[in-house]
Structures are given as C-alpha cells and as structure tokens.
Amino acid sequence: MPNPRLPDPLSLAVIVPATDRPPTLGRCLAALRASTAAPEELIVIDRPPGAGPAAARNAGAESVASELVAFVDADVEVWPDALGRLRERLTADPGLVAAFGSYDDAPAAPGAVSRFRNLLHHHVHTASPGPAETFWAGLGAVRRDAFLAVGGFAADRYPEPAIEDIELGMRLRAAGGRIELDPWSRGTHHKRWSLAEMVRTDLLRRGIPWVRLRLER
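Residue numbers 759 to 975, in my numbering, belong to the letters of the sequence shown in order.
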C-alpha cells in the first residue's frame, strides 16, 4: 500500500532583528540563504529608537504573509538543516504551534566566559528535548496565526532584551498550543560575553523579570 501523501511544507518567513548592522549579520544572512530549506521571505528589522528586539520581531511578523515565522538572532549562524527541521515538525503536526532549537557546542566567540555561557545554553537545551513550556527566539519558529492571536511579543513590557520569548511561550501554552524543543535544530553563536555583562544579564534582564513573571502566574 502506498504511503499517504506528505503535506506540502508550510511557507516560512525569517525575521532577524538587528541594530546598527552588527558585524555578525553577514554570516547570519549567508547561513540563512544557504539553508537546505531556504525561507520564502527574509526580513531584517532595525530596532526603532527606544524599542527592543521584541518590537522589531513584532513588526517583522506583521509584515510577512508566510504561514510560519522563524526568529533568528543576528549573532546566530544557523546550521544548513536547522530551518528545515523546524519547518518539518510544524508542518507534520498541526497541534504544534511553535518549535525551537539550540546553540551548538562550538561557540565562535573567544574567551572562557563566552565559551562557558554558550556551552551552558547548549547543555540546558540539549538535555531537555521534546515538549516545552516556553519559547526561544534565538532560533525558533511559530505559526503566524497563533503568534498574532496572542498578541505577539510583549514589546511594551520588555523594551530591552529580556525574557520576552519565555513570556510569549507561556501565553501560547495558555492558549492551548504545544511547543517543542528540537535540540538538533542548531546554530553557532557569535556573541562575545564579558563577566560583568553575563552577571548583569542574568540578574537584571532574566533573573528578576523571571521571578516577577512566575509570581504573576
């Protein structure tokens, strides 16, 4: 008996929030264009004055027509099959509203702090594959209709990079959607961390906002 016909892949737009043309942007875009499942739309959005990446991602998602919207940070160089893996999972499972990947285990930025930070992220994501309660916008895709239905990223609440993707994932889950972490949808991270920046980010942009969010729920 022949196998049932596989569904046509859902159309895909990629949104890259960028500010002042970061030096990693060229590598990011080259990797996206070289993907085995190249997107139908590729949008680079500069952050408006006084706004953060959440607002830029929202503007990008509102401007496209594709069924899926993938968010990729400007300092991430996706693996050739990363977008294809996310697209395949969302195409194959209509109940899945979002899927995201992970940094790989070969961070490009030099220095012990950068390597520690990026490898820690890699370990956390690869240790928890499958169903997820949150979302990650460094390399993640979501159904555009579901994204718009919950109001997108909370740009007013998070005018700077913070936990806007985690909070979005919680709202997608509260609306009944399922989210999945695919640890093999990977990208190389080019961000260089200093010790002071890591502490500041973990405390002010992630730790405190995360505690506030959990207390609300």
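For the record, the hints were derived by calculation from the structure and aren't laboratory data.
Just so you know, not all the hints are guaranteed correct.
[As the list claims (entries may be wrong)] Here are the simulated distance ranges between beta carbons:
#, residue 1, residue 2, range
1, Pro868, Gly888, 31 to 41 angstroms
2, Glu918, Arg873, 39 to 49 angstroms
3, Ala870, Pro780, 14 to 24 angstroms
4, Pro780, Asp839, 33 to 43 angstroms
[To be verified] Below are the SDA-like pairs computed for lysine to any residue, each with C-alpha atoms no more than 25 angstroms apart in a straight line:
#, residue 1, residue 2
5, Lys949, Pro919
6, Lys949, Arg785
7, Lys949, Arg964
8, Lys949, Ile924
9, Lys949, Ile801
Note that the Cβ used here is the ideal one computed from N, Cα and C, for glycine as well.
Against the structure, the hints come out as follows:
no., hint, in the structure
1, Pro868 to Gly888: 31 to 41 angstroms, "holds, 33 angstroms"
2, Glu918 to Arg873: 39 to 49 angstroms, "violated, 25 angstroms"
3, Ala870 to Pro780: 14 to 24 angstroms, "holds, 23 angstroms"
4, Pro780 to Asp839: 33 to 43 angstroms, "violated, 24 angstroms"
5, Lys949 to Pro919, "holds, 14 angstroms"
6, Lys949 to Arg785, "holds, 12 angstroms"
7, Lys949 to Arg964, "holds, 17 angstroms"
8, Lys949 to Ile924, "holds, 20 angstroms"
9, Lys949 to Ile801, "holds, 21 angstroms"
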